[in-house]
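*Asks:* Spelled out from the first residue to the last, the chains are:
There are 2 protein chains.
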Amino acid sequence: MSAPYLLYYWPTIQGRGEFVRLALEEASVDYQDVARLPERKGKQQGMSAMLACLDGDATPHAAYAPPVLGHGDLLIGQTPNILFYLGKQLGLAPRAEAGRLWLNQLQLTMADWLTEVHDTHHPLSMNQYYAEQKPAAMLRSADFRATRLPKFLSYFAQVLANNPRRGDWLVGPKLTYGDLSLFQMLAGLRYAFPQAMARLAPAYPSLSDLHDAVAARPNIARYLASKRRLPFSEEGIFRHYPELDG
Amino acid sequence: MSAPYLLYYWPTIQGRGEFVRLALEEASVDYQDVARLPERKGKQQGMSAMLACLDGDATPHAAYAPPVLGHGDLLIGQTPNILFYLGKQLGLAPRAEAGRLWLNQLQLTMADWLTEVHDTHHPLSMNQYYAEQKPAAMLRSADFRATRLPKFLSYFAQVLANNPRRGDWLVGPKLTYGDLSLFQMLAGLRYAFPQAMARLAPAYPSLSDLHDAVAARPNIARYLASKRRLPFSEEGIFRHYPELDG
Chain Y
1 MSAPYLLYYW PTIQGRGEFV RLALEEASVD YQDVARLPER KGKQQGMSAM
51 LACLDGDATP HAAYAPPVLG HGDLLIGQTP NILFYLGKQL GLAPRAEAGR
101 LWLNQLQLTM ADWLTEVHDT HHPLSMNQYY AEQKPAAMLR SADFRATRLP
151 KFLSYFAQVL ANNPRRGDWL VGPKLTYGDL SLFQMLAGLR YAFPQAMARL
201 APAYPSLSDL HDAVAARPNI ARYLASKRRL PFSEEGIFRH YPELDG
Chain R
1001 MSAPYLLYYW PTIQGRGEFV RLALEEASVD YQDVARLPER KGKQQGMSAM
1051 LACLDGDATP HAAYAPPVLG HGDLLIGQTP NILFYLGKQL GLAPRAEAGR
1101 LWLNQLQLTM ADWLTEVHDT HHPLSMNQYY AEQKPAAMLR SADFRATRLP
1151 KFLSYFAQVL ANNPRRGDWL VGPKLTYGDL SLFQMLAGLR YAFPQAMARL
1201 APAYPSLSDL HDAVAARPNI ARYLASKRRL PFSEEGIFRH YPELDG
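Chains as they are written, first to last, in the numbering used here: chain Y, 1 to 246; chain R, 1001 to 1246.
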């Protein structure tokens, strides 16, 4: 019997934690979203348990930032690292090393893309509000929409086209955590930049197909319709500010 | 007999490729820095060979950006992914999975840190020159120096202090690629932000010790004194613009 998975992440946003939640939901395993549970005396749950994962005085392998995954004795930080571990555990990655490295490479490229999305609304400081850096955010967003967004979309469309095991997935013949993450990127971008995505998406039908194929997976569809799926909001990474959408 | 390692990276800067170079140099293995070799008809070397790694029409597993490592049939992109592979190949990582995941987590945290360093001089667009985004760069750099730089330094000092196999290294009792990367972060930060680092460094003697211990490794010392070590410059990721150093 496997230990339950414990996800430590901010309780009110999708954020980076969502990439982990999607993997756990697709695999339909027992997990707790620890910071969303109420604080209880003597129980390691609620926000205090999440913050303890970041506290190097309390936790030897403290993470720099959430999400963190607990599993048995392991405490694992950094989203692509968590997914690398879960991919093997949950059967959401190829077995061969070459496939796992390629998948990890794609996941890291999505992590870079996600950071660029974050910086569209926070180009100057993550310690200041969006309103305090709005002119810079408009410039960075214009550049993102014009150059970076099409480059990333085009890259992943080509990865799909180049998969020799031409199914509908990024790596090999089966769904991997990379497909779940690409779904989340596309869903988030549609939320944050509806106009830019409406303009660009028709050029990349394979990406829309992948988005829809992931959303239609039974476990994912059930999750997306549940209260466990937090809504997109202007406190997360994907934020809809119309002025940043051109 | 192992195939030679082929590093594909920009030929005139340290950049992200330097993290890979340091691992190859420490292990003293046979490698080629492909884009620094002259173009030769019929030979896969020079800039054209590097650019082919990024071309999805020519290369099935094309990378989004360099560095890329070639080894036998493998073509691996994303610096932390390359180092994850090399760590095992070159004996620069723990053998146990828990140690390898912890090391990967630290490497990914350094990758985030490095991106923040890049964005101090390019906060608005990587397609525009620094001079075109200087006011924003000054604001982002002020925030980096005041909040982010001390937070990262403090984090890695605590990781060193929390290593139960208290030698001088980040993970376990032996040097890993994480130590080489932390050396490079510190060397780059000293170059880019000499004043800020002179102010902050005394609070973190263990980091200075690690920097010096890596620099004194025989293979690294030989490398740093060679022409293979490119100089820091204002075309790389770590750039010294006095006005960004406060």
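Since the hints were derived computationally from the structure, they do not count as laboratory data. A few of these clues could be false.
[Said to hold, decoys possible] Once the Cα atoms are required to be at most 20 Å apart in a straight line, the calculated SDA-like pairs of lysine to any residue come out as:
hint, chain 1, residue 1, chain 2, residue 2
1, R, Lys1043, R, Pro1004
2, Y, Lys134, R, Met1138
3, R, Lys1227, R, Ala1201
4, Y, Lys88, Y, Lys151
5, Y, Lys151, R, Asp1055
6, R, Lys1151, Y, Thr59
7, Y, Lys174, Y, Arg100
8, R, Lys1088, Y, Glu97
9, Y, Lys134, R, Lys1134
10, R, Lys1151, Y, Asp55
[To be verified] Pair ranges (Cβ atoms, derived):
hint, chain 1, residue 1, chain 2, residue 2, range
11, Y, Asp209, R, Thr1059, 16 to 26 Å
12, R, Thr1115, Y, Ala201, 20 to 30 Å
13, R, Asn1219, Y, Lys43, 18 to 28 Å
14, Y, Asn162, R, Asn1127, 21 to 31 Å
15, R, Glu1132, Y, Ala3, 30 to 40 Å
Here the structure is a predicted model, which is why all the values come from computation and not from measurement. Think of the CB as a built atom: it goes at the ideal place given N, C-alpha and C, for glycine as much as any other residue.
*Asks:* Each of the hints needs a verdict: does it hold here or not?
*Replies:* Hints, verified against the model:
1. For the given pair, Lys1043(R) sits about 15 Å from Pro1004(R) by alpha-carbon distance, which is consistent with the 20 Å threshold.
2. Distance check on the hinted pair: Lys134(Y) and Met1138(R) sit about 16 Å apart at the alpha-carbon level, within 20 Å; holds.
3. The suggested pairing of Lys1227(R) with Ala1201(R) is violated, with an alpha-carbon distance near 28 Å, which exceeds 20 Å.
4. Only pairs whose Cα atoms come within 20 Å are accepted, and Lys88(Y) paired with Lys151(Y) is rejected, the gap being roughly 30 Å.
5. Proposed proximity of Lys151(Y) and Asp1055(R) is supported: the alpha carbons are some 12 Å apart, at most 20 Å.
6. Note on Lys1151(R) and Thr59(Y): the hinted pairing holds, with a Cα-Cα distance of about 17 Å set against a maximum of 20 Å.
7. Proposed proximity of Lys174(Y) and Arg100(Y) is supported: the alpha carbons are some 13 Å apart, at most 20 Å.
8. This hinted pair checks out: Lys1088(R) and Glu97(Y) have alpha carbons roughly 12 Å apart, not beyond 20 Å.
9. Restraint check for Lys134(Y) and Lys1134(R): the C-alpha separation of about 17 Å stays at or below 20 Å, so the hint holds.
10. Between Lys1151(R) and Asp55(Y) the CA atoms are separated by roughly 12 Å; this keeps the pair inside 20 Å, and the hint holds.
11. In this structure, Asp209(Y) and Thr1059(R) meet the distance hint of 16 to 26 Å, their C-beta atoms being roughly 24 Å apart.
12. Separation of Thr1115(R) from Ala201(Y) is about 27 Å and conforms to the stated range, judged on CB atoms against 20 to 30 Å.
13. A hinted range of 18 to 28 Å is violated for the C-beta pair Asn1219(R) and Lys43(Y), which are about 50 Å apart.
14. The hint said 21 to 31 Å for the Cβ distance between Asn162(Y) and Asn1127(R), and at roughly 26 Å that hint holds.
15. Taken as a hint, the range 30 to 40 Å is violated for the pair Glu1132(R) and Ala3(Y), whose Cβ atoms sit roughly 52 Å apart.
Comparing the model with each earlier hint shows violations of hints 3, 4, 13, 15; every other hint is respected.
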